[in-house]
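Asker: Residues per chain are reported as follows:
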Amino acid sequence: MKKGLTKLSLALAASAFAMSAQAQTFVFCSEGSPEGFNPSLYTAGTTFDASSKTIFNRLVEFEVGTTNVEPGLAESWEVSEDGLEYTFHLRKGVKFHSQKKGFKPTRDFNADDVVFSFLRQDDPEHPYHKVSGGSYEYYNGMGMPELVKEVVKVDDYTVKFVLSKPEAPFIANLAMDFASIFSAEQADALLAAGTPEKLDLDPVGTGPFQKVQYQKDSIIRYLGNQDYWKGAPQIDRLVFSITPDASVRYAKLKAGECHVMPYPNPADVAQMAEDSEINLMSQEGLNVGYLAFNTQKKPFDDVRVRQALNLALNKQAIIDAVFQGAGKVAKNPLPPTIWSYNDATVDYPYDPEKAKALLAEAGVTDLKTNIWAMPVQRPYNPNARRMAEIIQADWAKVGVDAEIVSYEWGEYLKRSKEGQHDTVLLGWTGDNGDPDNFLSVLLSCDAVGGGNRAMWCNETFSDLLEKAKQISDQGERAKLYEEAQLVFKEQAPWVTVAHSVVYKPVRKEVQGFKIDPLGGHHFYEVSLKD
Amino acid sequence: MFQFIFKKLMLVVPTFIGITLLTFTLIRLIPGDPIEVMAGERGVSPERHAQLRAELGLDQPLLIQYKDYVVNIFHGDLGKSLITKTPVMEEFASLFPATVELATCAALFAVLVGLPAGIIAAVKRGSIFDHSVMTFSLTGYSMPIFWWALLLMLVFSVNLGWTPVSGRLDVTYWIDEVTGFMLIDTLLSGEEGAFASALHHLVLPSIVLGTIPMAVIARMTRSSMLEVLSEDYIRTARSKGMAPLRVIVVHALRNALIPVITVIGLQVGILLSGAILTETIFAWPGIGKWLIESIARRDYPVVQGGIMMVATIIIVVNLIVDILYGVVNPRIRHNK
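Protein chains in written order, with our numbering: chain A, 1 to 530; chain B, 1 to 336.
No lab work stands behind these hints: they were computed from the structure. Take these hints with a grain of salt, some might be off.
[What the hints assert, rightly or not] Here are some, though not all, of the chain A residues that point toward chain B, as calculated from beta-carbon distances under 7 Å:
(1) 27
(2) 31
(3) 218
(4) 255
[As the list claims (entries may be wrong)] Interface residues of chain B toward chain A, partial, derived using beta-carbon atoms under 8 Å:
(5) 36
(6) 52
(7) 70
(8) 94
Model, not experiment: these values are computed from the prediction. The beta-carbon is built from N, C-alpha and C at its ideal position, and this holds for glycine as well.
When you get a sec, could you build the whole thing from the sequences and use the hints?
Answerer: Structure follows, in structure tokens:
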């Protein structure tokens with residue numbers, strides 16, 4: 001019986017190997033099912049990989065591997081003197097995908113498609129606005145409804161955006177996933193057929209890959225777009241093999257069942273580095289993990305106390321214990337891969353004696369406080385509980401008695417937003433590679449009661465951010481942000497704990513794969529060596 | 001007979017009400033706001049939060065939410081997923097065939113291995129074979145599925161390369177989904193080798209999912225056989241000089257099988273719940289994995305609807321088994 005089974009499986013294995021040799025198929029072991037195929041409706045990276053990174057293009061795009069913005073469907077653009085009008089000149093001859101069963105485009109990409117893609121999200125009266133639940137979290141989250149006054153088609157290949165105030169990060173916003181360009185022609189056809197929601201399940205785009213088939217929790221299949229405006233991709237077929245468990249993804253990678261896997265287990269990284277079949281790529285992630293003091297509560301309103309508690313922490317020990325090599329000590333609220341990162345910032349050294357002295361100077365004795373630890377793993381903090389324990393031990397050495405508190409994730413976010421904590425562990429992953437997306441969202445006066453968990457409002461700091469938003473010259477903006485980082489460090493509303501290191505195990509035969517600092521996965525430039 | 005069936009059917013009603021109440025209240029007892037979980041670190045403004053709550057019907061009093069939920073069930077509407085916005089029924093229908101396919105293969109494995117092993121162990125009582133079957137089945141019964149799956153995967157898929165690690169079909173085959181059952185769809189597609197590949201992908205998950213039922217069946221068969229083998233009529237048959245194989249198969253096995261069949265019926269529930277872990281590990285696109293993810297995301301409609309469907313299936317299977325007993329065994333039917 002057993003022998004029979006073995007023989008059977010051997011025979012089956014042989015037949016499977018014979019098959020896999022023929023077509024050039026690139027397999028990505030993705031970590032989950034996408035929420036849908038319209039990137040403007042969702043916020044998860046998993047969804048973006050499956051939609052915006054493969055099927056769609058945007059007016060401007062992030063150059064893969066960097067946070068720099070480059071032309072996409074817009075060949076060029078101008079900004080008016082007052083910073084209120086952005087005029088985009090569109091690329092000609094760009095083709096939308098043609099579906100085997102379903103929509104076949106009759107015209108090239110033009111201004112109507114751009115106007116449609118933005119008005120759907122912006123205008124509550126738009127016929128598509130309420131389709132598929134109609135919540136445009138990113139469009140709203142980036143403040144686009146207040147910012148964008150008008151989207152105007154000037155002619156077939158020119159579109160003008162009119163803003164309500166000058167906002168330099170606007171261009172970076174347009175490179176984000178939610179700004180993907182849909183086919184207005186497909187939308188019209190589906191609306192006429194009475195099935196508008198199909199646009200969000202089976203859309204066509206102008207991107208490097210066309211979606212062919214999707215089976216929930218199992219597989220997504222794409223064909224290379226032979227008419228792609230940058231030239232056809234090198235791989236003919238792209239497959240997302242949906243594999244939620246990280247150990248299984250690793251097993252598949254080793255067995256050659258996939259070529260790239262995201263999010264390895266930290267514990268597997270050392271072994272991956274030694275595997276001759278695998279090329280372990282790594283980069284610092286576009287994120288920051290921090291401990292925020294509630295600066296509206298005593299004694300954390302006193303800058304000396306915040307500085308003292310910074311000095312009391314041995315951050316390297318935290319990184320070693322919690323990240324197991326997959327993290328770096330953070331000294332700024334910005335990660336080093338973002339432009340305007342201030343390398344001149346001097347971090348608080350580990351100095352318990354000085355910490356004690358500062359606490360005494362502030363008149364703080366026998367401080368009893370709490371440390372909130374997240375109940376979930378995040379890229380910027382794989383084990384918040386462990387991190388909190390080390391902080392607790394370090395603080396105990398300078399006479400601070402901290403209790404560790406945790407709530408269910410939704411509760412945690414809500415209560416910390418309301419400022420119920422003394423100190424809270426949290427973090428942030430960047431959206432658009434613009435420094436404003438870290439500093440304003442997490443530390444500006446406007447963000448108190450929202451993303452600003454330190455409840456910290458410093459006028460000098462907020463003014464610098466406001467000024468930087470009004471200027472479109474990146475060099476000048478960078479100077480203001482560098483200054484803001486120094487103000488931040490001196491005022492110490494946070495302990496900047498860590499930036500994670502992102503690992504991407506890739507099989508040796510894969511060529512041209514780049515790690516995206518923004519967290520996405522791109523397959524246009526990849527190929528397989530024979 | 002009609003009265004008997006009617007009585008069984010009436011018993012199902014309170015069970016159903018219990019299930020709707022349980023699923024409805026349990027998930028709401030878990031602290032956590034689905035909107036906050038959806039928004040993550042980014043957060044939503046209080047206005048947007050209120051608007052979303054209203055859109056999802058979460059601003060209504062619990063009693064009204066429950067009433068709406070039950071009324072909709074009677075209309076065959078299980079609601080829409082909060083995350084994907086697709087009807088729960090549609091998602092269930094697309095994922096269920098994969099679960100059935102896996103459960104069927106696992107059940108086949110369990111019966112085809114467990115039954116003969118139990119019989120032989122009973123016949124050769126006290127032999128090395130008997131001891132090994134008993135040890136093996138006890139181990140199998142107490143094996144953590146997660147560990148067992150990863151172990152098999154490492155040995156057979158990664159090191160020996162005999163079986164694929166996970167998934168349902170080799171990625172080189174692009175076949176259309178017709179029935180959702182991969183074994184049938186691959187046959188329909190007519191692509192050479194596709195069926196073998198689908199079968200090949202079923203081997204490990206079926207063994208993992210079938211291990212516990214297999215152990216249960218083997219042990220049950222053994223003890224039931226031992227009991228029957230010591231009966232007087234078996235001794236009589238043997239003393240008549242009947243062929244030993246005939247005594248075992250025709251006389252003993254038939255009677256010994258009755259409790260075994262009951263146990264096999266009970267395994268349906270185990271196969272469906274065990275599928276949750278097995279599916280997660282083998283990236284098997286079935287309802288187990290779907291439910292687990294929905295609980296984590298506080299996707300109320302999916303959890304309620306999904307559990308409702310699974311519970312319904314288990315109830316219906318048990319109902320059929322009960323009725324069949326009544327048909328087969330008059331003593332059960334007439335027992336007031």
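Asker: Looking back at the numbered hints, which does the structure fail to meet, lowest number first?
Answerer: Hint check: 2, 7 fail, others pass.
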